[in-house]
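**Student:** Next come the chains, spelled out residue by residue.
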Amino acid sequence: MAVTSPPSSPSASPGALAGTPRSRRPKQSFETWSWFFMRVSGLVLLFLALAHFAITHIVNDVVDTDAGFVFRRWDNPLWRLFDWTLLALALLHGLNGLRWSIDDYIRSRPTRAAVKAVLYSVSGVLFAYGTFTIVTFQ
Amino acid sequence: MAGTAQRPVETKVGITKVVYKGKSGQWAFVGHRVSGVLVFFFLLLHIVDVSLINSDPVLYDEVHELYGNILLRIFEVGLLFALLFHSLNGLRIVLVDFFPGMVRNERRLFTGVLAITIVVGVPCTWVILEPFISGRIF
Numbered sequence: 001m002a003v004t005s006p007p008s009s010p011s012a013s014p015g016a017l018a019g020t021p022r023s024r025r026p027k028q029s030f031e032t033w034s035w036f037f038m039r040v041s042g043l044v045l046l047f048l049a050l051a052h053f054a055i056t057h058i059v060n061d062v063v064d065t066d067a068g069f070v071f072r073r074w075d076n077p078l079w080r081l082f083d084w085t086l087l088a089l090a091l092l093h094g095l096n097g098l099r100w101s102i103d104d105y106i107r108s109r110p111t112r113a114a115v116k117a118v119l120y121s122v123s124g125v126l127f128a129y130g131t132f133t134i135v136t137f138q
Numbered sequence: 001m002a003g004t005a006q007r008p009v010e011t012k013v014g015i016t017k018v019v020y021k022g023k024s025g026q027w028a029f030v031g032h033r034v035s036g037v038l039v040f041f042f043l044l045l046h047i048v049d050v051s052l053i054n055s056d057p058v059l060y061d062e063v064h065e066l067y068g069n070i071l072l073r074i075f076e077v078g079l080l081f082a083l084l085f086h087s088l089n090g091l092r093i094v095l096v097d098f099f100p101g102m103v104r105n106e107r108r109l110f111t112g113v114l115a116i117t118i119v120v121g122v123p124c125t126w127v128i129l130e131p132f133i134s135g136r137i138f
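For the record, the sequence lines run as chains A and B. Residue numbering for the first sequence follows this note's numbering, starting at 1 and increasing by one per position. Residue numbering for the second sequence follows this note's numbering, starting at 1 and increasing by one per position.
It should be emphasised that the hints constitute simulated quantities derived from the structure, not laboratory data. These numbers come from a predicted model, not from an experiment. Any given hint could be a false lead.
Calculated cross-link-like contacts (lysine to aspartate or glutamate; reagent style DMTMM-like; alpha-carbon spacing at most 25 Å) [said to hold, decoys possible]:
hint	chain 1	residue 1	chain 2	residue 2
1	A	Lys27	B	Asp97
2	A	Lys116	A	Asp103
3	A	Lys116	A	Glu31
4	B	Lys21	A	Asp64
5	B	Lys17	A	Glu31
6	A	Lys27	A	Asp103
7	A	Lys116	A	Asp104
8	B	Lys17	A	Asp103
9	B	Lys23	B	Asp97
10	A	Lys116	B	Asp49
11	B	Lys23	A	Asp61
12	A	Lys27	A	Asp83
13	B	Lys21	B	Glu106
14	B	Lys21	B	Asp97
15	B	Lys23	A	Asp75
16	B	Lys23	B	Glu106
17	B	Lys21	A	Asp66
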């Protein structure tokens, strides 16, 4: 190495890899992006999910959110977009969280594969079903 | 998050039981997983109940009225606390991940998460349960 970087400080900082040649930095795998996705989607969901809960349970009472309420709300395509974004992000965020938990706690490979297969299938079907509801409702 | 908690060590003899006696960070980890799983399974249920509106709006209204029941109102309070804790603790994780210096305030951050969860959660609990307490809904 032509440039010697100063010994790294014990506490990691955001610029910790700045002096490291690109070839020696850790490769960004699927799990790197999975980690990043959880942070970004989590921040977005913080607003979407709490706003959704506030609208349907705090501002309005839950019994008032009947079919007429949904009808008036989904008259505006922006609310459909809001609800669909919430559906997609929450499902993916939850699915990835469950994937991590399954990897942590289910040690037998066949069981792990079976549990994941069920989880992914059920989530996939419900994602399609929910999307269908939001798009086709009139 | 994966790999944060200490796992049982596999030896030739078998799996040795290791009980990790962590501090606030361990409880944050456990709470985050439990609340995440609860919210995820509610989401699956919620996709199904909302989607009824497309095939049968009358059935949607009937199923929806159940949410006004006191037992399900208590369930909604549980959902509220799971959502609040998971959101705020997630924000704490994002802070610690992107600003590594924050690790020094780990304990204070977690206390803050619990404090805001309670300060926001308790008045909202009142709003959700009030229709039952005042006798408007059984």
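**Student:** Now tell me, hint by hint, if it's right for this structure.
**Tutor:** Hints, verified against the model:
A distance of roughly 19 Å separates the Cα atoms of lysine 27 (chain A) and aspartate 97 (chain B); the hinted pair therefore holds under the 25 Å criterion. The straight-line distance between the Cα atoms of lysine 116 (chain A) and aspartate 103 (chain A) is roughly 9 Å, inside the 25 Å bound, and the hint therefore holds. Restraint check for lysine 116 (chain A) and glutamate 31 (chain A): the C-alpha separation of about 17 Å stays at or below 25 Å, so the hint holds. Taking the CA atoms of lysine 21 (chain B) and aspartate 64 (chain A), the gap is about 47 Å. The hint is violated against a cut of 25 Å.
Of the pairs offered as hints, the one joining lysine 17 (chain B) and glutamate 31 (chain A) is violated, with about 28 Å between alpha carbons and a cut-off of 25 Å exceeded. Distance restraint check for lysine 27 (chain A) and aspartate 103 (chain A): the Cα-Cα separation of roughly 21 Å lies within the 25 Å cut-off, and the hinted pair is therefore satisfied. The straight-line distance between the Cα atoms of lysine 116 (chain A) and aspartate 104 (chain A) is roughly 13 Å, inside the 25 Å bound, and the hint therefore holds. With a CA separation close to 19 Å, the supplied pair lysine 17 (chain B) and aspartate 103 (chain A) stays within the 25 Å bound.
Between lysine 23 (chain B) and aspartate 97 (chain B), the direct Cα distance comes to roughly 19 Å. Compliance with the 25 Å bound is thereby established for this hinted pair. Our distance criterion of 25 Å between C-alpha atoms is met by lysine 116 (chain A) and aspartate 49 (chain B), whose separation comes to about 24 Å. Our distance criterion of 25 Å between C-alpha atoms is broken by lysine 23 (chain B) and aspartate 61 (chain A), whose separation comes to about 39 Å. Using a Cα cut-off of 25 Å, the hinted pair lysine 27 (chain A) and aspartate 83 (chain A) is violated, with the two alpha carbons roughly 35 Å apart.
Of the pairs offered as hints, the one joining lysine 21 (chain B) and glutamate 106 (chain B) holds, with about 17 Å between alpha carbons and a cut-off of 25 Å not exceeded. Restraint check for lysine 21 (chain B) and aspartate 97 (chain B): the C-alpha separation of about 23 Å stays at or below 25 Å, so the hint holds. With a C-alpha separation of about 49 Å, the suggested pair lysine 23 (chain B) and aspartate 75 (chain A) falls outside the 25 Å cut-off, and the hint is violated. A threshold of 25 Å between alpha carbons decides the hint, and for lysine 23 (chain B) with glutamate 106 (chain B) the separation of about 11 Å falls inside it, so the pair holds.
At roughly 48 Å between alpha-carbon atoms, lysine 21 (chain B) and aspartate 66 (chain A) are farther apart than 25 Å, so this suggested pair is violated.
Hints 4, 5, 11, 12, 15, 17 from the list above are not met by this structure, while the remaining hints are.
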